[in-house]
Amino acid sequence: MSYWFRNDSRLPQERLAAASYVIVGMITLLLLGFWKLQVIDSDKYGVMAERNRVRSIPIIAPRGRMLDRDGRVLVDNYPSFSVLLLRDDMPAVEKNLPAIADGLGLQLDDLKEQLANTGALPKFQPIVIKPEATPGDVAFIESHRADIPLLEMLMVHRRRYLPGGFMAHASGYVGEVSEKQIEDSNGKLRPGDFAGKSGLERQYNDLLVGTDGMRRVIVNSIGKEVGRLSQQEAIPGKQIQLTIDYDLQKVAEEALAGKKGAIVALDPRSGEVLAFASQPAADPNDFAVRISKEDWQRLNTDPDRPLLNRATQAQLAPGSVFKIVMATAMLEEKVPPESFTAFCPGYATFYGRMFKCHIFGKGGHGVVDLHRAIIHSCDVFFYNVGQRLGIDRISKFAKMLGLGSKTGIDLPSEETGLVPSEEWVQRVFHRKWYPGETISVSIGQGAVTATPLQLAYMIGGIASGGDFKQPHFIKDAQNAGNRHVELAENTIEKVTQGMYGVVNEGGTAGALRLEGIEFCGKTGTAQVIGAEAKERFGRGKSEFKNNAWFVGYAPRRDPEIVVSVLVEEGGHGNLAAAPPARDIIKAYYDKKQKKGRGQTTVDYQPYKMDSDGGNAVAENGKAPVKPGQAVAKVEPASTKKAQP
Amino acid sequence: MNEATTTRDYDWWLLAIIAAICALGVVEIYSATHGSMLAGMHTKQVRWLVIGFVLMFVLSRFDYHVIMDQAPILYIVGIGALTAVLLVGHTRFGAKRWIPVLGEFLQVSELVKLIIIIVLARFFAEVRTDELSLQDLIKAGLLVGIPLVLILKQPDLGTALVLMPMLIVGAFLAGLQWKHAAVVVLIGLLMLPVGWHFLKPYQKERVTSFLHPEDDAKGSGYQVLQSKIAVGSGGFWGKGFGNGSQNQLGYIPVRYSDFIMSAWAEEQGFKGVLLALGLYMALLLRLVQNAQRAKDRAGMFLVMGVTAALGFHVLVNVAMVIGAMPVTGIPLPLMSYGGSATLFVFLAIGLVMNVRLRRFVN
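Note that the protein sequences, when read in sequence, are chains X and A. The first sequence: position 406 = 406 (the numbering used here), numbered continuously. The second sequence: position 227 = 227 (the numbering used here), numbered continuously.
Hint data in this document are derived by calculation from the structure and do not stem from the laboratory.
Covered by chain X, according to a simulated footprint, are these stretches of chain A (three or more residues, beta-carbon under 8 Å):
(1) 231-240
(2) 278-284
Taking lysine to aspartate or glutamate and the EDC-like style, the derived pairs with C-alpha atoms no more than 20 Å apart in a straight line are:
(3) A:Lys271 / X:Asp43
(4) X:Lys396 / X:Glu332
(5) X:Lys293 / X:Glu113
(6) A:Lys179 / X:Glu14
(7) X:Lys95 / A:Glu205
(8) X:Lys224 / X:Glu50
Beta carbons: idealized from backbone N, C-alpha and C, even for Gly.
Take the sequences, apply the hints, and build the full model.
The following block contains the structure:
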């Protein structure tokens, strides 16, 4: 060993002591650092640790189902997953956005736009970026939990409606709540929540929505749930039983397939709505997830107006159906007296202008009294009645019988129609009423308009002896509004006899007789638009085909069912609108008979547009109903299972 | 040489302190990993501790003068190993640091730290003047500079940095002149921008995220934030063994290794930190005491080289855990899980024992 170290024992004791002080100082400084974090700022970090650990995940309450009057499910739910984007960490979100868009099959630009639009919301609030996750999306989220810990899945319940727009205008649809709805809800609704947007979904939204629950879970650093702290269960929404009869609804939908129009069937004894169809209709299943801007635009600009609920919102000239108002007014006012007759050569002249009867060109009705005038819908007779009554009395009775105001049905956005009067033209047009206008109104033309629902309500009320029951969809409605109109027995008898004659005495709907059923009704054929306007628009005549009306009911007095049918541009009421009414009334009686024999329902088949009846979907040039949608099952609710 | 050393001459206080720190480490490794896929890590750590303990005793039996005698050869071996690891080393976590030994991967740079301690001690022991000349200072700098550059190449900034306090403490004790120190510090400051240029992107990111933690929420800034949350939420009394949510749910990064102090602080609170840092202070002061009682300058330099390395490890690691220093990947001696690092500490302690055993000789 080379003695390079030479036993040199001179140690720098001072500098070694200094090293000791440095060590003590260093440890002291470190301890001060810990003291700051663990004692001074401990609460702050405690909160942060808790926020790390605990995540609140809403449990979405399913909406209440809608059942028909026999307990069959009309509107149901199915479970689905929404993809949530957590936005606490915006830089990470921005960094991973392309990967997320790619993984979930979303457009990056759409995603960016959505993110920009929700920028004002609190950062801790996740946003729904994909409402319906596919199995592939679920796999993507699960496999990228570690490197993209920004995605979360939320179990939600989606609405399932019967396919093809079945009953769509009654049921309405749900959609993501708007900013305004969130504001109006007093904090009950959050972005991404669903609420009824139209129809019964909107009307009974408060009943149908449940109360969402909340699950507080412990998550680890990669967002995986490892434990549960507490769980507040969701309270499901209330199930509502409707007055709709699926069997009648099906007949109505099939009758309207491929047409523009509406059918309303009421039970005038209670006001219950038995069938309620309006077509064309958009399939609300398409809205149940999220409708694209383009699709929404297309629905809004579609010239056939599929979003218009024709049963309560189509305000059209009632045509000859209005003659029932005229007949009632004449009998009540005795102006002209009941014995009044008129001679119909096919036209009449008032105030220097010729008014045609619908028979014009094919001769005339000859001498007609009230009964024959109703049966054959003679315009000339009612021109004369109208001239004698005057517009004020006509409008008084029209309003009394339910026109010009809402029936009060439990659907949002019902329209009132219009009953013109001298006061009305003065107020709206600042001019005097022209006597010639009264002549037009007398046959349901001119300014008078009504909705299909109003006409069913009116005819039902008159035939029920003046008892007007407020139409409604809820089976056990407690306080449906009732209105009694004092009508003379003679009036009711004469008017209903007239309507009986329309079907059974060779009247305008004489081809539709039903054996053993007192099927009554009134046809109507209304010009869509005046002759002058027609020329002004300069379009082909076919664009303005007449609207066909028929309001039928049975039996003649105190009816059990009244059906109002509108077929827009359908031509004559007796040809286009009366057959569906007859089919529905026949289906009603068939079912009643079978019930009497102990069978609860008629042969019940799930409604499928593409297998039975007219293939409405294909006819409209749209894609056929997808198999997944077509198999939507309609089953009796478990609580009300039919026992054969 | 007198070989008549007895077991009585071992520093039993030092061993007791080391045993206590190791115990804290094993307990916390168990707590941090028992519920995860890493379960069983604490038994592996105990195995490393036992091996380290044996190596420590073996190393203490050879006279340190004999070991220091071989300093030039050790230095060449060290440089060779660092070169070899760069050429054929095993890449893990994006860096070439490992060579396979006995079925495990050993970090060559840990061994090199030990070698540099010995080489520097030998170098400074041979400096006879009371004041360190500039010439000798530059020589010492070069001696450290070559392995430092090689380690930086791996890249392993943390280990490279550990070489610096060894040099500084050695030079200080060898009579570093204040004017030289001032010049070196000045040059160092001027070189900072150049050094920045040579940093790897991830190293730059760590430094920037240390300076601006709010800009980097999920990178190393996130790690430090989670560590601070763990420490702070532990409070004075701690959340209790196995109850730290930051620890158990994996919010603390590498909670069984580099950030084990964070896990310990969360579960044991400030009182636990007081115990742990108290033990480290006792360890370091005990080492200085051993240096003060060394038989000769060579032994003193050897012990203080170890003290500088361990003290730097403790400072940088613990300061990182509380967000007072950037993330450098330096483990906490004796507590962090890790084979190479544990063996390095025990071998270093072995050198200290070696010096102590021979303090009364001659």
